[in-house]
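There are 2 protein chains.
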Amino acid sequence: MSEPLLVRAARGESVERLPVWFMRQAGRFLPEYREVRSKHSFLEMCATPELALEVSLQPLRRFELDGSIIFSDIMTPLLACGVEMDFAPGPVIAKPIRTMADVQALEIPDEGHIGVPTVQAIRMLRQAVDPKVAVIGFAGAPLTLAAYLVEGRGGKDFSALRAFLYAEPEAAHLLFNKLAVLTGRYLRAQVAAGAQMVQLFDSWAGILSADTYRTFALPAVKKVWSMLESTHVSKVFFAQASAHLLPLVTSTEACVFGFDWRLSIDEVRAQVGPNMVLQGNLDPAMLRAPEPVLRAATRAMLKQTRGGPHIVNVGHGLQPETPIDSLHVVIDEVRSHVFF
Amino acid sequence: MSEPLLVRAARGESVERLPVWFMRQAGRFLPEYREVRSKHSFLEMCATPELALEVSLQPLRRFELDGSIIFSDIMTPLLACGVEMDFAPGPVIAKPIRTMADVQALEIPDEGHIGVPTVQAIRMLRQAVDPKVAVIGFAGAPLTLAAYLVEGRGGKDFSALRAFLYAEPEAAHLLFNKLAVLTGRYLRAQVAAGAQMVQLFDSWAGILSADTYRTFALPAVKKVWSMLESTHVSKVFFAQASAHLLPLVTSTEACVFGFDWRLSIDEVRAQVGPNMVLQGNLDPAMLRAPEPVLRAATRAMLKQTRGGPHIVNVGHGLQPETPIDSLHVVIDEVRSHVFF
Numbered sequence: 001m002s003e004p005l006l007v008r009a010a011r012g013e014s015v016e017r018l019p020v021w022f023m024r025q026a027g028r029f030l031p032e033y034r035e036v037r038s039k040h041s042f043l044e045m046c047a048t049p050e051l052a053l054e055v056s057l058q059p060l061r062r063f064e065l066d067g068s069i070i071f072s073d074i075m076t077p078l079l080a081c082g083v084e085m086d087f088a089p090g091p092v093i094a095k096p097i098r099t100m101a102d103v104q105a106l107e108i109p110d111e112g113h114i115g116v117p118t119v120q121a122i123r124m125l126r127q128a129v130d131p132k133v134a135v136i137g138f139a140g141a142p143l144t145l146a147a148y149l150v151e152g153r154g155g156k157d158f159s160a161l162r163a164f165l166y167a168e169p170e171a172a173h174l175l176f177n178k179l180a181v182l183t184g185r186y187l188r189a190q191v192a193a194g195a196q197m198v199q200l201f202d203s204w205a206g207i208l209s210a211d212t213y214r215t216f217a218l219p220a221v222k223k224v225w226s227m228l229e230s231t232h233v234s235k236v237f238f239a240q241a242s243a244h245l246l247p248l249v250t251s252t253e254a255c256v257f258g259f260d261w262r263l264s265i266d267e268v269r270a271q272v273g274p275n276m277v278l279q280g281n282l283d284p285a286m287l288r289a290p291e292p293v294l295r296a297a298t299r300a301m302l303k304q305t306r307g308g309p310h311i312v313n314v315g316h317g318l319q320p321e322t323p324i325d326s327l328h329v330v331i332d333e334v335r336s337h338v339f340f
Numbered sequence: 001m002s003e004p005l006l007v008r009a010a011r012g013e014s015v016e017r018l019p020v021w022f023m024r025q026a027g028r029f030l031p032e033y034r035e036v037r038s039k040h041s042f043l044e045m046c047a048t049p050e051l052a053l054e055v056s057l058q059p060l061r062r063f064e065l066d067g068s069i070i071f072s073d074i075m076t077p078l079l080a081c082g083v084e085m086d087f088a089p090g091p092v093i094a095k096p097i098r099t100m101a102d103v104q105a106l107e108i109p110d111e112g113h114i115g116v117p118t119v120q121a122i123r124m125l126r127q128a129v130d131p132k133v134a135v136i137g138f139a140g141a142p143l144t145l146a147a148y149l150v151e152g153r154g155g156k157d158f159s160a161l162r163a164f165l166y167a168e169p170e171a172a173h174l175l176f177n178k179l180a181v182l183t184g185r186y187l188r189a190q191v192a193a194g195a196q197m198v199q200l201f202d203s204w205a206g207i208l209s210a211d212t213y214r215t216f217a218l219p220a221v222k223k224v225w226s227m228l229e230s231t232h233v234s235k236v237f238f239a240q241a242s243a244h245l246l247p248l249v250t251s252t253e254a255c256v257f258g259f260d261w262r263l264s265i266d267e268v269r270a271q272v273g274p275n276m277v278l279q280g281n282l283d284p285a286m287l288r289a290p291e292p293v294l295r296a297a298t299r300a301m302l303k304q305t306r307g308g309p310h311i312v313n314v315g316h317g318l319q320p321e322t323p324i325d326s327l328h329v330v331i332d333e334v335r336s337h338v339f340f
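Protein chains in written order, with my numbering: chain A, 1 to 340; chain B, 1 to 340.
Don't read these hints as lab results, they were simulated from the structure. None of these values were measured; they are calculated from a predicted model. A portion of the hints provided could be inaccurate.
Said to hold, decoys possible - Which stretches of chain A does chain B cover? Using the computed rule of at least three CB atoms under 8 angstroms from a CB of chain B, they are:
#1 53-60
#2 121-134
#3 172-180
#4 260-272
#5 277-288
Stated by the list, open to error - Some residues of chain B that are not near chain A, with every Cβ distance over 10 angstroms (derived):
#6 E35
#7 E54
#8 K95
#9 M100
#10 I108
#11 P117
#12 A163
#13 A171
#14 R262
#15 R269
Virtual Cβ for every residue (Gly too), placed ideally from N, Cα, C.
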């Protein structure tokens, strides 16, 4: 039997219609998610395969989606390295990394010992979903993990991370290298468990200049992808707020480049040419607009997908305030969209 | 006697050396600032002309600066509109603006009743500083004010503001128009009090797509500048994370375009041509690096100022962790820099 539409589309194969999934589709906008969440902490949900499976399946019961992304958090693989953290609600690191000694102390476990509950949940998810639906694994890109590890918590522009890169370049290189190995091993385990597509989230790509991104962040992303080469999994690189980094973030050797609502699909297409598979980029805030506005915005986005292979998604994770019907509107528009 | 170097440079006149000042030079990196702050709340400092004057003067006692920016906060003019807010430490709005009725209820006072303590502090500052030092006034750009007013507090990407723009375009237009009038009046009062240069901070420019920025944010900035036309003051427009908006943010009819560390000066210069005055863009996090690294980065930046008229600054406000000596290093490099 043939592979899921999303997987074939991610490879750039010619497909019967545009695939669609939503970042953070398993999340707080669903009452059934909030029901589970009311009984368990966020970390508990990530650490319990049955709970992660349940909330990953929830959106599939309501919507005709082409992908099922595993419920987890980009920070969870770091638990295996002994990093102490809490969610309040964003990640808070007990002991931020600031020195070479801190980086050296970070232990990177073997493949079988990273994000074990998430890997197990992926195995169960692959069994549970319709084979037409692609199972999507994910991880944080090394830069984005480093941003939290060094800053200690979320921020606007992670100035402590930037200061660390400038002041301690050797320690920074070692940190990015370790995080790349961690992420590569973690994603290999996800693929072995059944993930057919994996996405690297570089949510904080935009905080660095091109020079600094090229020096520290890009080689680490390429290293992650090189560790997955033998698996033939479809690789998606999602970089936020990266207009000033476009030549870099589109050269990571991923199969798919994902981006947010700040750039238009046409602009990105003009820069990358007709062959690269793109993913995005409806503003998740647009899903809070009245139906006619959302429908028009979705159509305008779909019009821009003519320039080359495309996977429809939001440009960033769905917001808790998203009305459920908004997903029906977008999916309806995508499924009824006629090429040319 | 001739006008201050900074004012002449901002007009694009040929000047004897590069001018330099630092965003948030009156701030937490100075122990004498923290001393004042330990005795007064942030809002109290903004509301008391003598205190605002004192902390504005503090950096001038230590450093050879070409400009003296008044100590205040972009949110303070909103106090005159009856907006209740607190700083915790970022602004928190008691009743966020979400509907047309909320926007209609926002009253914009006359010129003489907006930011009165700040305007008074500018009058005192102009008397107090060496006439070679330019007095700099400032305000938040309408988009950035709207972001806090609608979201209710600081955020990563102000999704409530974006949702408001999409769902309530008429209310949004009215809000931006009111904020432009408020800001125009406020800056006019600052100029009348002695500000020789004024900067509009569009710290959150980067959260919108070009289409949305063009529709809502840009006309409001142009309106502010048009209200200042008769004053002949030097106008600086600072837009953060705006690589995807460059043709828009460089077309506001300001005299000077300021930007952050994400873009290189060479890149921006290539886009705007040889005549526009640029301002920036050392990463404030770079001022936390060891002296040789900082010195090299400053020289690399100075090398890029060859393409056209330039005002040296950081690409974003100085961080509390900035060592005092770092400013001496940067100023030393700028003052000893030889053109060509």
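Interface exclusion of R262/B relative to chain A, criterion Cβ beyond 10 angstroms: Not fine: 5 angstroms to the nearest Cβ puts R262/B too close to chain A.
Chain B covers the segment 260-272 of chain A, three or more CB atoms within 8 angstroms, holds or violated: Holds, because 5 residues of the segment 260-272 of chain A bring their Cβ atoms closer than 8 angstroms to Cβ atoms of chain B.
Chain B over the segment 121-134 of chain A, status - at least 3 residues with CB closer than 8 angstroms: violated (count 0)
Outcome, coverage of the segment 277-288 of chain A by chain B - at least 3 residues whose beta-carbon is closer than 8 angstroms to one in that chain: holds (count 5)
Within 8 angstroms of chain B (C-beta), three or more residues of the segment 172-180 of chain A: violated (count 0)
Least C-beta distance between M100/B and chain A, which was stated to exceed 10 angstroms: The claim holds: M100/B sits with its nearest Cβ about 14 angstroms from chain A, beyond 10 angstroms.
Distal placement of E35/B relative to chain A, Cβ over 10 angstroms: holds (23 angstroms)
10 angstroms cut-off, C-beta based - A171/B kept clear of every residue in chain A: holds (13 angstroms)
Assertion that E54/B lies farther than 10 angstroms from chain A (Cβ): holds (27 angstroms)
No chain A beta carbon within 10 angstroms of R269/B's: The claim stands: R269/B keeps its Cβ more than 10 angstroms from every Cβ of chain A (closest is about 14 angstroms).
Beyond 10 angstroms from every chain A Cβ - status for A163/B: Violated, because the least Cβ-Cβ distance between A163/B and chain A comes to about 4 angstroms, which does not exceed 10 angstroms.
Minimum Cβ-Cβ distance from I108/B to chain A exceeds 10 angstroms: holds (27 angstroms)
Hints 1, 2, 3, 12 and 14 from the earlier list are contradicted by this structure; the remaining hints agree with it.
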